[in-house]
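Let the sequences and hints guide you as you build the complete structure.
Residue numbering for the sequence shown follows UniProt numbering, starting at 1 and increasing by one per position.
Worth flagging that the hints you see were computed from the coordinates, not collected in a lab. Where a beta carbon is used, it is the ideal one built from N, C-alpha and C, also for glycine.
Cβ pair distances, simulated, as ranges:
1. 239 - 120: 23 to 33 Å
2. 65 - 129: 19 to 29 Å
3. 115 - 234: 23 to 33 Å
4. 41 - 254: 21 to 31 Å
5. 74 - 159: 33 to 43 Å
6. 195 - 136: 38 to 48 Å
7. 78 - 158: 39 to 49 Å
8. 94 - 159: 23 to 33 Å
9. 168 - 79: 27 to 37 Å
Below, simulated DSS-like cross-link-like pairs (lysine-lysine); rule was C-alpha separation at most 30 Å, straight line:
10. 104 - 82
11. 121 - 182
12. 182 - 218
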Amino acid sequence: MIKVINISRIVRVSFYFILIVFLASCIYIYSEVAIEVINQKKLLPIYCVARNDNKIAITFDAAWGNDDTKDLLKILKQYKAKATFFLVGFWVERYPNDVLEICKEGHEIGSHSDKHLHMSKLSETAIVEDIKSCEEKISKLIGKRPVVFRAPYGDYNNTLIETLTSLGYYVIQWDVDSLDWKDLPEDDIAQRVLRRVKSGSIILFHNNAKNTKYALPKILGELSKRGYQFVTVSELIYKNNYYIDHQGIQRKLENTVK
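Here is the structure:
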């Protein structure tokens with residue numbers, strides 16, 4: 001008995017088989033590309049922290065001058081505010097008494113690099129040398145090393161973040177820029193900050209900007225009325241079981257096993 005072969009059916013089956021193989025290959029290739037993209041994603045520092053307890057961090061970058069540091073410390077004390085001062089290595093060398101006074105008042109010392117360079121342009125070796133130099137100057141003076149770091153000019157890349165993390169630092173940015181370095185009028189500085197602050201914010205000031213010491217009382221006074229608490233960066237951030245989202249917001253991992 002001769003069997004009749006259905007050619008059209010064979011063609012259809014072959015077509016669907018080839019189509020399935022093709023789609024499977026596409027999915028595999030896409031997955032590989034997606035994994036590669038994830039592995040190469042841009043790392044971010046901590047811009048702010050997701051929390052709802054009204055804690056915020058006042059921060060000052062100190063590199064070029066020192067005329068107003070004592071006034072800032074008096075204002076912070078008046079409003080019972082703790083802050084974090086990110087210090088450049090050569091600033092620490094020039095003003096050791098002020099560094100000690102900052103610590104005495106209960107504020108945090110962070111690293112702002114040793115020479116205030118564009119860190120994204122440096123090799124890993126150069127980054128380590130710079131950070132270690134600043135770290136040594138700070139620890140020799142106050143007896144402990146800094147654990148938070150802010151890049152000069154806010155300039156960072158993956159190499160910088162990976163290197164600093166391996167050295168035991170939390171890399172910090174900001175979500176509220178006072179723009180005090182532009183010598184804005186004090187009211188403009190104050191309104192700019194007050195419009196942008198939220199729970200978990202990290203606010204950027206500079207210790208020697210022209211009008212910072214005049215704007216600061218207005219800012220601290222109003223934020224105190226709103227119920228905000230002023231803590232150091234180390235007190236604001238999560239130390240373990242966290243991730244940083246695509247906006248630079250540090251978020252706590254839920255349901256993590258301790």
